[in-house]
Amino acid sequence: DQQVKQNSPSLSVQEGRISILNCDYTNSMFDYFLWYKKYPAEGPTFLISISSIKDKNEDGRFTVFLNKSAKHLSLHIVPSQPGDSAVYFCAATYQGGKLIFGQGTELSVKP
Amino acid sequence: KAGVTQTPRYLIKTRGQQVTLSCSPISGHRSVSWYQQTPGQGLQFLFEYFSETQRNKGNFPGRFSGRQFSNSRSEMNVSTLELGDSALYLCATRTSGSLETQYFGPGTRLLVL
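These protein sequences, in sequence, are chains A and B. Numbering of the first sequence is given in the numbering used here, commencing with residue 10 and proceeding in unit increments. Numbering of the second sequence is given in the numbering used here, commencing with residue 3 and proceeding in unit increments.
Hints may be right or wrong, so weigh each one.
Partner residues are not named here, just some residues of chain B that face chain A (Cβ under 7 Å, in silico) [to be verified]:
hint	residue
1	Thr40
2	Gly42
3	Gly44
4	Leu45
5	Phe47
6	Gly99
7	Glu102
8	Phe106
9	Gly107
10	Gly109
Once the Cα atoms are required to be at most 30 Å apart in a straight line, the calculated DSBU-like pairs of lysine-lysine come out as [stated by the list, open to error]:
hint	chain 1	residue 1	chain 2	residue 2
11	A	Lys77	A	Lys65
12	A	Lys14	A	Lys63
13	A	Lys80	B	Lys59
14	B	Lys59	A	Lys46
15	B	Lys15	A	Lys63
16	B	Lys15	A	Lys65
17	A	Lys77	B	Lys59
Keep in mind that the hints were calculated from the coordinates and are not lab data. All C-beta atoms, glycine included, are put in the ideal place defined by N, C-alpha and C.
Kindly produce the complete structure, drawing on both the sequences and the hints.
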């Protein structure tokens, strides 16, 4: 039972363009969402988060959008840089409990 | 400040054996969570320990167990290994605060033959 889904295993984008990574969830009780970035041979690192009471959160080049009615969130990276190439995981939680992760999307930013 | 340390980094075992993985948290972090990462499944939550007590548990069989010591270091044990247990095992540590302050270790890559 995959409560958090990232349906695109991979995404390729040209440097300078926008990267859009998508995530869907099924559990309407989730109240907090996080995005993590993972390089090979390293653990995931926290990138950005959003509470269910908001629909947008921005941090520099990274913006997360939340559509509660569609149970959908997306991460926008503008402009994309080669150093952004990594696997991106979205995760959801309820009342600060355990994190439920998606399967990950591998982003490749080409120069 | 030193990061999260996981040992060993790589491990090869055969079916039926058992394995113990270790996680040393960042100084001051009292919560340790364990995750299993496999291709196609992403990261799946195993359990969380806080102050030597299991605070949360995922949907894994009883072959997967853990414990936490008084110095906050944590161990994870898998008994009667199966081929499907081959994965990257990650631990993440934090203070009692928000999940944004959770830091992951580099993981232990387990291969079961």
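Do the alpha carbons of A:Lys80 and B:Lys59 lie within 30 Å of each other, as the hint requires?
With a Cα-Cα distance of about 25 Å, the restraint between A:Lys80 and B:Lys59 holds, given a limit of 30 Å.
For the pair supplied as a hint, A:Lys77 and B:Lys59, confirm whether the alpha-carbon distance does not exceed 30 Å.
holds (27 Å)
Is the hinted pair A:Lys77 and A:Lys65 satisfied, with a Cα-Cα distance of at most 30 Å?
holds (11 Å)
Mind checking the CB of B:Gly44 against every CB in chain A and telling me if the closest is under 7 Å?
holds (4 Å)
Cut-off 7 Å, beta-carbon criterion: hint that B:Gly109 touches chain A
holds (6 Å)
So, B:Gly99 near chain A? Judge it on the closest CB pair being under 7 Å.
violated (9 Å)
For the pair supplied as a hint, B:Lys15 and A:Lys63, confirm whether the alpha-carbon distance does not exceed 30 Å.
With Cα atoms ~46 Å apart, B:Lys15 and A:Lys63 exceed 30 Å; violated.
Does A:Lys65 lie within 30 Å of B:Lys15 when you go C-alpha to C-alpha?
violated (46 Å)
Are B:Phe106 and chain A close enough, Cβ to Cβ, to be under 7 Å, as the hint says?
Result: holds, 3 Å to nearest chain A Cβ.
So if I understand the rule, the pair passes when the alpha-carbon distance is 30 Å or less; does B:Lys59 with A:Lys46 pass?
Cα-Cα ~24 Å, so holds.
The hint names B:Leu45 as touching chain A; please verify it with the least Cβ-Cβ distance against 7 Å.
holds (4 Å)
Chain A contact restraint for B:Phe47 - C-beta distance below 7 Å
holds (5 Å)
Checked against the numbered hints listed earlier, the structure breaks hints 1, 6, 15, 16; every other hint is satisfied.
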